[in-house]
Amino acid sequence: MASEAKTVEAGAPPVYHHIDPVNAYHASKLGMWLFLATEILLFSVLFSAFAVYNWMYFEYFHDAATKLDWRLGAINTAVLLFSSYTAAVAVYKAQISDNRGVVINFGISFLCGLIFLVIKYIEYSAKYEHGYFPGTSYWNSTEFSAHYKNYFGLYYTMTGLHALHVVIGMGVLLWVIGLARKNRFSSRYYTPVELGALYWHLVDLIWIFLFPLLYLID
Amino acid sequence: MAEELGHIIHPRTFLKVLVILLVLTLLTVLLSPRVSGEMVDFGKINIVIALSIAIIKASLVLSYFMHLKFEGLWILVYFITPVILLLIMILGLFIDTPVRIDPIQPPF
Amino acid sequence: MDYIVPDKVSTVADFFDDLNLAIFLASAFFTVAIVGAMLYFAFRYRAKSSNDITPRIEGNHLLEIVWTVVPTVVVVVIAWVGIVLREKMFEVSPNVIPIYVTAWKWAWEFRYPTGKRTSGQNAELVVPVNKPVKLVIASKDVIHSLFIPAVRIKQDAVPGQLKYMTFTALKTGEYPIFCAEYCGTRHSYMMAKLRVVSEEEFNTWVNTIPEKTMPKRILGKKLYTDLGCNACHSVESGVNLVGPSFYDVFGAQRNFKDGTSLTADENYILESILYPNKRVVQGFNENVMPSYEGRLSQEELMALVSFIVELKTAPKEELVEVVFEKDEKIDLEKMTPLERGKYLYSAKGCNACHSVDGSQLVGPSFKGLHGARREFADGSSVVADDSYIKDSILNPNARIVKGFVAAMPSYQGQLNEDDLAGIVEFIKSLK
Amino acid sequence: MGIHSYAVDEIGHLKENNYLNCDKSLRSWLFTLDHKRIALLYLASLLVFFFLGGLSAIFMRLHLYNVEKPLLSPDAYNVAFTFHGVLMIFLFIVPGIPAVLGNFLLPLMIGAKDVAFPRLNLLSLWIYWLGALVGIIGIINPVWILKYLQGSAISQWIPLDTGWTFYAPYSTSTGAGEGWGTIMMTLAAFILGFSSILTGLNFMVTIHRLRAPGLTWFKLPVFVWGIYATSAIQVLATPVVGITLLLLIVEKVFGIGIFDPAKGGDPILYQHFFWFYSHPVVYIMVLPAFGIIGEIIPVFSRKPIFGYTAVVFSSVGIAVVSFIVWAHHMYTSGMSPFSQAVFSATTFAVAVPTAIKVFNWVSTMYKGSIRFDPAMLYAMAFVFLFMIAGTSGIFLAVLGLDIFYHDTYFVVAHFHYTIQGGAVIGLIAGLHFWFPKITGRMYNPGVAKLAFWLIFLGFNVTFIPQFILGVQGMPRRYAFYLPEFEPMHRLSTFGTFFNAFGYTLAILNLAWSWAFSKVKAGANPYDALGLEWQAPSPPPHDNFVVPPNVEIGRYDYGVPVNLVAQKEVVRS
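Residue numbers (my numbering), protein chains in the order written: chain A, 3 to 220; chain B, 257 to 364; chain C, 13 to 443; chain D, 16 to 587.
Treat the hints as calculated values from the structure; they're not laboratory data. C-beta: ideal position from N, C-alpha, C; glycine also. Hints are not guaranteed to be accurate.
[As the list claims (entries may be wrong)] Below, computed lysine-lysine pairings styled on BS3-like, alpha-carbon distance capped at 25 Å: (1) C:Lys205 <-> C:Lys146; (2) C:Lys60 <-> D:Lys39; (3) C:Lys290 <-> C:Lys269; (4) C:Lys414 <-> C:Lys379; (5) D:Lys464 <-> C:Lys60; (6) C:Lys128 <-> C:Lys205; (7) C:Lys20 <-> C:Lys117; (8) D:Lys84 <-> C:Lys440; (9) C:Lys354 <-> D:Lys84; (10) C:Lys228 <-> C:Lys117; (11) C:Lys402 <-> C:Lys379; (12) D:Lys39 <-> D:Lys535; (13) C:Lys128 <-> C:Lys228; (14) C:Lys379 <-> D:Lys84; (15) A:Lys69 <-> B:Lys300; (16) C:Lys228 <-> C:Lys324; (17) C:Lys234 <-> C:Lys324; (18) C:Lys360 <-> C:Lys234.
[Stated by the list, open to error] Ranges between beta-carbon positions, derived for each pair: (19) D:Arg42 <-> C:Ile77: 53 to 63 Å; (20) C:Ser303 <-> D:Leu41: 52 to 62 Å; (21) D:Trp44 <-> B:Ile344: 41 to 51 Å; (22) A:Asn25 <-> D:Trp141: 17 to 27 Å.
Okay, chain A solo, but in the shape it has when bound:
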């Protein structure tokens, strides 16, 4: 009974009983932007908590921030920017019905995501050796103040949640690559490509603000 999206032939938009294809495209994009709004709000709470604590306990946060390695942060920023570029190119390829182009570009983005996670893993393990743990209860030395430990608490929460979104973004990219390999897209139907790219751009957007705030504050 439910009018499932029946794919007639490659590249044709799915047919729904309640909405015509062009309207469906614009509706999906509108819905995606709304979802991006909720993601921005999700991170805005972390940003404002960080801003408040940074203002109140500036000295602690300042010396804690020196423990971070800004070189790895900078590389990560470059990696994500490049993956954002390839995601945008992938959308262009989909718009000109070049499914192979989509697979290649989203593949590159996926790899960049992987590199980002590897660098993140290196950073986290470096911190674990130095004994900077997320929770205040794990610290072995007691001469650090609670606010000093909180910096790392916030650092792990923000970068951890961002890394989780990178993983979700990579999952979305894989799903779209899967469809593109069955050359599902054409200039008449490329909504999943556009939505996947939008989500990936958001993940990059969040990191653009995370990098200076966490790594370079003084």
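Knowing the structure of chain A, use the given hints to seat chains B, C and D on it.
Chains B, C and D only, in chain A's frame:
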């Protein structure tokens, strides 16, 4: 048919935007006292510099990579509203937390 | 409205009640007017037939403008007056008496600059009449809120921060103090009293501090019974009740469950009062003794430690007199069984482990115990009658109720038949 | 896929092949993509949680009837009020009107066949059920049952007792069930938040993209505007509480000290983030109710709604202003005096649009031809109850008065008048008004009116005494009180039974009439104007047999030709 769907931007423009973004990232890194020492240390203004460059980068990604420049009005509204709410939240917190004066510590 | 509103005690109360009444009258007027208009329209324009001809009124710009501007003006005025009232409430006048209030899970504590302290169930905020007072409020664990309805002011006690509240009492008398921010099990029992007294009475009250006048050891002895230590720690050498006897602690070698050991000195005694479960002596079980951290002031801790340290050196008769001094003076025979049981309940330290208001301490609560079915750890169960209560006082470890630890000392030989009957009578009265 | 042939009889009733009996298998119900069926599944789950929440409320009131011989121990009372708060808010009233009447009526009112993303709509329903399951487990706290069976002391492990606000130091340090209860319940609230976000997102895109051709923004019904404003708040406010509760969980699991003062955090920061969501959420609850009342009063007064643009702009205005007022819940929590003054000022900006709405409803009835159908009785009762709710809100918004009234029974009475007097009476009114459209049958008006009077009287007798308790200075969430508060508590408990019995009677009347009533309802039983009345009742899967005629203005009562035109549409 394709034109009705979404606006098409040629990868050449994407490449130009990518280059500008990488340059801006380099600029942010160079301008931070942590990296290039006291020469650029202007105290509190550093945060403002870093954030403004980040805002420029973000607006570049938004308008070109995410086609926001060529979208309808409503999508722009849906993007601006959470940013305004972020500012309201930060403003609401900052008129309370830093301005809160607690009485003195009792003598014993 | 006056018989409902709590008594007006502080200078702010009048301003508060007038604003309160003014807004009440304004709201009542608007409500009656609008609902009245609605009811009038409803009956005046009742449907006569199924298709009456009704005028096509889409709106009326003038009317809409009026009823937007008028509420805005009214509301702005009220907001401004409200802000002025708040400023008056928290306005600190120059020569003010500071009182330090500390809230912890389910009790208030009021400390005065002269060192006078009241806390726990008999916490009392004593304030001179017509003199401004400033309360500096802190909390030890979760958010509480000092609420004095008679003064019309409330201020949260936030842990890790200090808040203040100030008022000038105009009328003497006793008024309730509540905790207004939910803080756990006994949130509704966390009450205290505000006692407004004359200037002279306040000065005498503030300066009579029992702790200061007594020698440390005597204060230690008073705390030893007040806090119920006597229920688990005896003061004769070798008599171990639930906990080790105090007599042979100081200077002795203590070896602990985790294999470590040290000679007991003042710091060890102080630490085991504040954090008893950190180091438990072999042969005793942990998670029995409650921590006294935050419930005793510095002097009281020092007094208790010095009492334990000087047990060996103190003259014997002062010690003996110390412990049993209460029995001789009060002649048990003349009391009724109920009074006797009630007196023994605190004298023998039962209050340390068994509450009378249903709340959970180390042992089961006495409230509603008599006549209730008791299931034991070994699965059997019996209705708690007189013989069961007597039996569990004399040899408590024979049958342990499910969910409790075998921690009760046996009172064999310390209580005679009448004492037991008295205690049973007292428990029966706690329905 | 052309339009099916539907046997619509002369009064617009569709016997076969309507959305209810077109496919009766359980699978077709649980995996339905039809917005009408999803609405009914939501309604069924909501009513279950409504009665569970009501039950815990009755236990509390019985306990408070006589505190000398208490029915519950202090712990049990804390669990009861947490149960009541969490169930009623997260599981009943927040999804409440948007999920039930919003889902059912939105596509009908804008002439669409379904919501924009039907599969997302089904996903929201399933996420709601998952959240409810996790929530119930969180509250009952199986760890507690396991340990109780193993014979350990009861008091160490009690079910969730932090109240629906989960305030930071209490919920992170002690917390119920060694943290199990709090973690599970905050996780459940996070999941339910997702369902709320996705529903809001769905409705906003539907209103943007799926309006019937010719239906411009200012021809939309007032209810659709209410749903649009509510969805905007749902989408923009819920993520904030989602991440705040996630931070609470992270804090308990990893020991990070963001909100816990023992670890260097600031508990007032938690209150800021929590109330940033929790004030807009009270407008999620009440804005759809404003929409429903804005639909009912014009129909039964046969008059267009007075000042349509004013009502629309006040709905959107409330949604906008609701984001800048959150800290009036925290006046006494130790905020800086300046921020208290600022938030007190912004709070009054919310009072004005609400007042405008009430004035507009009452003026709609001027010179109308008013029929006292049960739905109209509820609507008029709503106006009265909301006048009391609004004015008592003024008391709490005034900074000086709130220092006294915060966390007393005055607040309890105020928010019950706004939520129960507002949102729940709005939901019941909507269910009665659109009952013929949902089920194709008419309910028994006599029993409905009896249930109305029971609810109205019981509600007032329950909560007017609580206003007086508030003035006397009785704090809220108390399991024990001083003797001077006793008479009012007894009166309040006396009223609770009528209130509870009234709701049960109203719901049973609707259920019974759906199952057994012989009276078939036509497409337009009230001769009302509006797109949803042009669909047969109960509507088929694709909602409309004949493409809806948008030219007939929704509020053009008093113009006879429209009514006649309206009747033709249904039959052809």
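| said: Please list, smallest to largest, the hint numbers that this structure does not respect. | reply: Hints 2, 7 and 10 contradicted; others consistent.
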